[in-house]
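Asker: Those sequence lines, one after another, are chains H and L.
First residue of the first sequence? That's 70 in our numbering, and the numbers climb one at a time after it.
First residue of the second sequence? That's 203 in our numbering, and the numbers climb one at a time after it.
Certain hints may be false.
Stated by the list, open to error - Calculated pairs, PhoX-like style, for lysine-lysine (alpha carbon to alpha carbon, straight line, at most 20 Å):
{"no.": "1", "chain 1": "L", "residue 1": "K342", "chain 2": "L", "residue 2": "K352"}
{"no.": "2", "chain 1": "H", "residue 1": "K268", "chain 2": "L", "residue 2": "K306"}
{"no.": "3", "chain 1": "H", "residue 1": "K246", "chain 2": "L", "residue 2": "K342"}
{"no.": "4", "chain 1": "L", "residue 1": "K306", "chain 2": "L", "residue 2": "K352"}
{"no.": "5", "chain 1": "H", "residue 1": "K265", "chain 2": "L", "residue 2": "K306"}
{"no.": "6", "chain 1": "H", "residue 1": "K268", "chain 2": "L", "residue 2": "K390"}
{"no.": "7", "chain 1": "L", "residue 1": "K210", "chain 2": "L", "residue 2": "K223"}
{"no.": "8", "chain 1": "H", "residue 1": "K265", "chain 2": "L", "residue 2": "K210"}
{"no.": "9", "chain 1": "L", "residue 1": "K366", "chain 2": "H", "residue 2": "K265"}
{"no.": "10", "chain 1": "L", "residue 1": "K327", "chain 2": "L", "residue 2": "K396"}
{"no.": "11", "chain 1": "L", "residue 1": "K390", "chain 2": "L", "residue 2": "K424"}
{"no.": "12", "chain 1": "L", "residue 1": "K352", "chain 2": "H", "residue 2": "K246"}
{"no.": "13", "chain 1": "L", "residue 1": "K287", "chain 2": "L", "residue 2": "K261"}
{"no.": "14", "chain 1": "L", "residue 1": "K313", "chain 2": "L", "residue 2": "K390"}
{"no.": "15", "chain 1": "L", "residue 1": "K278", "chain 2": "L", "residue 2": "K261"}
{"no.": "16", "chain 1": "L", "residue 1": "K390", "chain 2": "L", "residue 2": "K366"}
{"no.": "17", "chain 1": "H", "residue 1": "K268", "chain 2": "H", "residue 2": "K246"}
{"no.": "18", "chain 1": "H", "residue 1": "K268", "chain 2": "L", "residue 2": "K313"}
{"no.": "19", "chain 1": "L", "residue 1": "K223", "chain 2": "L", "residue 2": "K424"}
{"no.": "20", "chain 1": "L", "residue 1": "K342", "chain 2": "L", "residue 2": "K306"}
{"no.": "21", "chain 1": "H", "residue 1": "K246", "chain 2": "L", "residue 2": "K416"}
{"no.": "22", "chain 1": "L", "residue 1": "K287", "chain 2": "L", "residue 2": "K396"}
{"no.": "23", "chain 1": "L", "residue 1": "K342", "chain 2": "L", "residue 2": "K327"}
{"no.": "24", "chain 1": "L", "residue 1": "K266", "chain 2": "L", "residue 2": "K210"}
{"no.": "25", "chain 1": "L", "residue 1": "K416", "chain 2": "L", "residue 2": "K396"}
{"no.": "26", "chain 1": "L", "residue 1": "K266", "chain 2": "L", "residue 2": "K424"}
{"no.": "27", "chain 1": "L", "residue 1": "K424", "chain 2": "L", "residue 2": "K210"}
Calculated directly from the structure, the hints in this document are not laboratory data.
Every value quoted in this text rests on a predicted model; they were computed, and no experiment measured them.
Residue-level listing of the chains:
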Amino acid sequence: MIKDITIGQFFPGNSIVHRLDPRIKLLLTVIYIVMLFVADTFCALGAGVVFLLISFLLSGIPIKMMLKSVKPIVPIILFTGILNLFFISTGDILFQWKFIRITEDGVRTMIFMATRIILLICGTSLLTYTTSPITLTDAIERILSPLKVIKFPAHEIAMMMTIALRFIPTLIEETDKIMSAQKARGADMETGSILKRAKALIPILIPLFVSAFRRAEELALAMECRCYHGGDGRTRLKQLKTAPRDYAAVAVAILFLAAVIVLNRFSPI
Amino acid sequence: MGILRTEKLTYVYGEGTPFRKVAVDSVDIDIAEGEIVGIIGHTGSGKSTLIQHFNGLLKPTSGKVFVDGEELFADKSRLKEIRFKVGLVFQYPEHQLFEETVYKDIAFGPKNMGLSDGEIDRRIKETARLVGLSPDLLEKSPFELSGGQKRRVAIAGVMAMEPKVLILDEPTAGLDPRGRDRILGLIKEYHAEKGTTVLLVSHSMEDVARTVSKILVMNDAKVFMYSDRSSVFARADELTAMGLTVPQVTRVFDRLRAMGIEFDDEVFSIDYAKDLVLRLLKEREKKVD
Numbered sequence: 070m071i072k073d074i075t076i077g078q079f080f081p082g083n084s085i086v087h088r089l090d091p092r093i094k095l096l097l098t099v100i101y102i103v104m105l106f107v108a109d110t111f112c113a114l115g116a117g118v119v120f121l122l123i124s125f126l127l128s129g130i131p132i133k134m135m136l137k138s139v140k141p142i143v144p145i146i147l148f149t150g151i152l153n154l155f156f157i158s159t160g161d162i163l164f165q166w167k168f169i170r171i172t173e174d175g176v177r178t179m180i181f182m183a184t185r186i187i188l189l190i191c192g193t194s195l196l197t198y199t200t201s202p203i204t205l206t207d208a209i210e211r212i213l214s215p216l217k218v219i220k221f222p223a224h225e226i227a228m229m230m231t232i233a234l235r236f237i238p239t240l241i242e243e244t245d246k247i248m249s250a251q252k253a254r255g256a257d258m259e260t261g262s263i264l265k266r267a268k269a270l271i272p273i274l275i276p277l278f279v280s281a282f283r284r285a286e287e288l289a290l291a292m293e294c295r296c297y298h299g300g301d302g303r304t305r306l307k308q309l310k311t312a313p314r315d316y317a318a319v320a321v322a323i324l325f326l327a328a329v330i331v332l333n334r335f336s337p338i
Numbered sequence: 203m204g205i206l207r208t209e210k211l212t213y214v215y216g217e218g219t220p221f222r223k224v225a226v227d228s229v230d231i232d233i234a235e236g237e238i239v240g241i242i243g244h245t246g247s248g249k250s251t252l253i254q255h256f257n258g259l260l261k262p263t264s265g266k267v268f269v270d271g272e273e274l275f276a277d278k279s280r281l282k283e284i285r286f287k288v289g290l291v292f293q294y295p296e297h298q299l300f301e302e303t304v305y306k307d308i309a310f311g312p313k314n315m316g317l318s319d320g321e322i323d324r325r326i327k328e329t330a331r332l333v334g335l336s337p338d339l340l341e342k343s344p345f346e347l348s349g350g351q352k353r354r355v356a357i358a359g360v361m362a363m364e365p366k367v368l369i370l371d372e373p374t375a376g377l378d379p380r381g382r383d384r385i386l387g388l389i390k391e392y393h394a395e396k397g398t399t400v401l402l403v404s405h406s407m408e409d410v411a412r413t414v415s416k417i418l419v420m421n422d423a424k425v426f427m428y429s430d431r432s433s434v435f436a437r438a439d440e441l442t443a444m445g446l447t448v449p450q451v452t453r454v455f456d457r458l459r460a461m462g463i464e465f466d467d468e469v470f471s472i473d474y475a476k477d478l479v480l481r482l483l484k485e486r487e488k489k490v491d
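The following block holds chain H by itself, in its conformation from the complex (with noise of 0.2 Å):
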């Protein structure tokens, strides 16, 4: 059903990974995508596994989650796989039938792609599965504030954010009620043509559509009258902090950065 989809789906929980600073933790997930994108040989990219595991062992989330988390790209990983597979045609040739040339290049540039995308996918999603969504536009707030100097909208554009986060399981609720109610009235949603079920969501998206918009008006409202003006001199609950673990953290990752430029040069594949 419907009700059953999830983004960025947050796991509670007291481990080290959920107690670090959450712009310390965007930072390391910037570093662990430089490392998976500078790894040029397996050796060097085992390193960013290594880097995935220790990470996702800390942070207590089971292994299983990581596997559930890479379930929705299997169609893209497959598709980047396949292209590279029969459109690299240096290195010796492995298997031919007519215009087709399957390649060694080719085999190890699919495994190699596959793998990037795959750890790529756990790492982000074992961010999101460790911070909960206010807490990272938050520290997207903290991060880009400096910008304010260049009249940079850095409050607003976390507060959309997070107006943007809070509603989506309300539209999801919403967009339920809506299809069984004209599923009620004899919409077929399930049968037909393409073009025909693109024409059967009108009657789903344009109720939507307007209680989104009703929903929003009611919120500015709501927001004005409890004198809401923007960012300036707004004071918060949570005061960020970084404590020693941190910088502790930051190391540890720029020490696996600098091993996969190392294990670059110097790793056989």
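Once you have looked at the hints, place chain L on chain H.
Answerer: Quick look at chain L alone, frame taken from chain H:
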């Protein structure tokens, strides 16, 4: 055998997760054709979940649902057909309006049934009259109407499908007293004119008491009782214990009877109470004379 029947109907939300909740627990009911029934229970008692089974929007976890003698989900290809026999008006139905004009919106259901244009036109005109929408409103955009009008358009959209059973989930929620009276009035008129089965879901005893003849009380996912009004209200203490109330006016007259004033009537509405008081006063005057 009635038009709506359930056998040991059970529905469980989130089976196999920590959020598992039994919403409907082995419910056996049998509703006769032509009846006007109120389904009452406090929030979370399972009434909304129960009614969504009657037109196959929810599939029972276990148990069976029969509509007009035919079992739902026995043959999936018949589901749409059966669904047209049971018209379901959801809570805040005005949120489902989407067409350019009121006319087209009411036509949505009948069109999905595959009726001819002439028949659709006849039904729209008829239901518009039933719910008190003037003909000039039919060409307006539903989004221009007032809240009460929108709700009547949405109800008309289901009525126009001429279902054998009409189910309304909290049709008066969020309306002012006048809007509420109007909706309840039109439901009564519809029932009187069409003679079809009507189910009215509500948590307001006041609304239900003056509209329906039989009441189904739900409590904690189970059917507490299904009977006519007076025998339900006779168990006022138990109703209060489960967070429901007997209508104020009924309570007032129960007290009057306890105080020794003699009358046989069961009082459920203010209008009826007024007439009764006037009659009793007249009788008393006569006695004095």
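Asker: Please write out, lowest number first, the hints stated earlier that are contradicted by the structure.
Answerer: Hints 3, 6, 8, 9, 11, 14 and 21 not satisfied by this model.
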